[in-house]
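Could you put the whole structure together from the sequences, leaning on the hints where they help?
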Amino acid sequence: MAEQHQPSRQRHPTFDIIFYQMESRHTVPLIDKHVKVADFIAKSRLEGWHYGELQDLAELLERMVKLFQEYNRLDILSAMKHLLENCRLPFISDRASDVMVYGDRLPQLITVICTSVMGVADPGDVDEESDIGIKEAKVGLREVVAEIMSSISRWGQSDIIEREPSQETARQILAATGTANLRIISDAREVLVELVKAFRDEKDASSAVKMLTMFRDMAVFRPICAELINLGLPIAVLRLLRVNLHKAAEIFLVATELLGNLIELDPVDGARSCGTHDFFEVTSEILNELVGLSGVKNMICRNDMATILLLIIEHATDEVLSNLVSSGLMSLLLFWSKTVDGQGEYQRMKELTQSRTAKLKPLTDPLMVYDVDSLRAGRMGSVEDVQLRIILWRAVALAAGSNDACSEEADEFGFMGTCLTALDSAEVSGGSTEYATRLETAALTSISVMIDTDRGMRTAFALAGGVMVVLRYVQGLASELRRGCRSSFDVINNDRKTELLKKALNTLMIGRSMASILARAPIDNTSSAATQSKDPSI
1 MAEQHQPSRQ RHPTFDIIFY QMESRHTVPL IDKHVKVADF IAKSRLEGWH YGELQDLAEL
61 LERMVKLFQE YNRLDILSAM KHLLENCRLP FISDRASDVM VYGDRLPQLI TVICTSVMGV
121 ADPGDVDEES DIGIKEAKVG LREVVAEIMS SISRWGQSDI IEREPSQETA RQILAATGTA
181 NLRIISDARE VLVELVKAFR DEKDASSAVK MLTMFRDMAV FRPICAELIN LGLPIAVLRL
241 LRVNLHKAAE IFLVATELLG NLIELDPVDG ARSCGTHDFF EVTSEILNEL VGLSGVKNMI
301 CRNDMATILL LIIEHATDEV LSNLVSSGLM SLLLFWSKTV DGQGEYQRMK ELTQSRTAKL
361 KPLTDPLMVY DVDSLRAGRM GSVEDVQLRI ILWRAVALAA GSNDACSEEA DEFGFMGTCL
421 TALDSAEVSG GSTEYATRLE TAALTSISVM IDTDRGMRTA FALAGGVMVV LRYVQGLASE
481 LRRGCRSSFD VINNDRKTEL LKKALNTLMI GRSMASILAR APIDNTSSAA TQSKDPSI
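The sequence shown runs 1 to 538 under UniProt numbering.
Among the clues, some could well be false.
[Said to hold, decoys possible] Straight-line C-alpha distance at most 30 Å; calculated DSS-like pairs for lysine-lysine:
| # | residue 1 | residue 2 |
| --- | --- | --- |
| 1 | K33 | K43 |
| 2 | K43 | K297 |
| 3 | K297 | K247 |
[Unchecked claim] Ranges between beta-carbon positions, derived for each pair:
| # | residue 1 | residue 2 | range |
| --- | --- | --- | --- |
| 4 | G133 | R242 | 25 to 33 Å |
| 5 | E23 | S151 | 29 to 37 Å |
| 6 | E190 | L46 | 28 to 36 Å |
| 7 | D318 | R482 | 26 to 34 Å |
| 8 | I173 | V193 | 47 to 55 Å |
| 9 | L46 | G133 | 44 to 52 Å |
| 10 | I173 | S355 | 46 to 54 Å |
| 11 | E47 | R189 | 28 to 36 Å |
| 12 | G292 | G119 | 40 to 48 Å |
| 13 | H277 | E23 | 54 to 62 Å |
| 14 | H277 | I31 | 36 to 44 Å |
| 15 | K66 | Q167 | 14 to 22 Å |
| 16 | I31 | A205 | 31 to 39 Å |
If you're looking for bench data, these hints aren't it; they were derived computationally from the structure. Every residue, glycine too, gets a C-beta built ideally from N, C-alpha and C.
Written out as structure tokens, the structure reads:
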């Protein structure tokens, strides 16, 4: 009498046929039949999987993985992909209680997808010539896994976003509490480990974009964000950018958004992870290419990278800022943000920067050279160029105001003079244009940050005649404000000027108090800042 198979547990009717085939001793070797039945099941669930089927689906995927490992057949990979594609849709509840009854089976499915399936999707062991079909199928499998995890991560987020009055509030709630699915992913650490490992090995640009999107959708929850940082995702993302710099702008846009989210949600660990010498060197290589490229997308990517550096510097320790200097990136930031007085000074600054970045290939001449004329109305460049200058000024000022090595570097490049020149230019004074107002605000803020701490920039401010420059700027603003308002535009413009005046007066008060102290103490005239114009009244 033939032995009858007794299943170890009650299975969903959808999977009765295929599991019977896979477990019966007479049909176990019939691989073609297993693949056909798996495809049939996948086609019957084009509207999505039911909650009651999740456990059986996870078991079927594991069995398909074992079949592929044993037989290495393309049709097995295709069947797995078809089964997985339906997981991108929300799971279906047959009864109101299904989520409560079967919801605890989702972690098992996620683990199988991200460990077992992702394991066989690794392209590393594929023969380039003889297994082209399998290689392409594995790429497709990795893309589907990334899309599934992205979809699962997003489920429930829209409810919070729609319920809350502002996006910022929704963002804070998601960061603190997440969603049910995000909490499941967070608890399954091995899932994140496997996904980051797969991302490090990813060579296909299309798959890389989908995986970046997946990590971006996950990283809205702070515990996941912290775990991704600890697993070294930021440097892996940066290396991917370096390899794909000229291939796909979409990679850059998603990657910079992801890096920014990681640092914003976990600023301390994010700055520590991204503040390594290696990270700054790779960033230098990327920015050195981007500053010479035209096109709005390239400029946006360039500015996004600069913004990420600003976020790192805002939360940096002394060790991170020392790495910024030793890697040569601080010199690059100063070189790109310097307001030069002619071609001769530009070449001197370029040679100085090149000496600090010996490992970097010859410096790229930036698309926009910031000379004195670039401070005049109509010659400030595009809005992206103005934004870059503002971001760089803020980043350099924060670094110089927080670390002695950064302060010395900023002094050698005459950064204080750059900020004062923005205020002393007749074309800029008074906020005659929107761009000018932004530059003046950035310059005043940068000066205040640098002279507010005793890091050596107070001497540079005094030697550059800072008090008189700011005083002239205050007088110009006050004169324009006394003229009154003739239109609604003037009212808006005057509000901006009033804010500028407050910043300028605050800077002036700090500067005068510092100048009076420095006037009673000997000043080291060997400082590179001594080359700037001196204020005889100090």
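Here's how the hints hold up against the structure:
1. K33 / K43: Holds, because 15 Å separates the two Cα atoms, which is no more than 30 Å.
2. K43 / K297: The given pair, whose Cα atoms are some 40 Å apart, is violated under the 30 Å limit.
3. K297 / K247: The given pair, whose Cα atoms are some 13 Å apart, holds under the 30 Å limit.
4. G133 / R242: 25 to 33 Å: holds (30 Å)
5. E23 / S151: 29 to 37 Å: holds (31 Å)
6. E190 / L46: 28 to 36 Å: Holds - the Cβ-Cβ distance for E190 and L46, about 30 Å, lies within 28 to 36 Å.
7. D318 / R482: 26 to 34 Å: Violated, since D318 and R482 (Cβ atoms, about 46 Å apart) do not stay within the stated range.
8. I173 / V193: 47 to 55 Å: Once the Cβ atoms are compared, 27 Å apart, the range 47 to 55 Å for V193 and I173 is violated.
9. L46 / G133: 44 to 52 Å: violated (24 Å)
10. I173 / S355: 46 to 54 Å: Taking Cβ atoms as reference, I173 and S355 lie about 50 Å apart, which means the hint holds.
11. E47 / R189: 28 to 36 Å: With Cβ atoms ~33 Å apart, the hint holds.
12. G292 / G119: 40 to 48 Å: Between G292 and G119, where Cβ atoms are some 41 Å apart, the hint holds.
13. H277 / E23: 54 to 62 Å: With Cβ atoms ~56 Å apart, the hint holds.
14. H277 / I31: 36 to 44 Å: violated (52 Å)
15. K66 / Q167: 14 to 22 Å: violated (45 Å)
16. I31 / A205: 31 to 39 Å: Holds, since I31 and A205 (Cβ atoms, about 33 Å apart) stay within the stated range.
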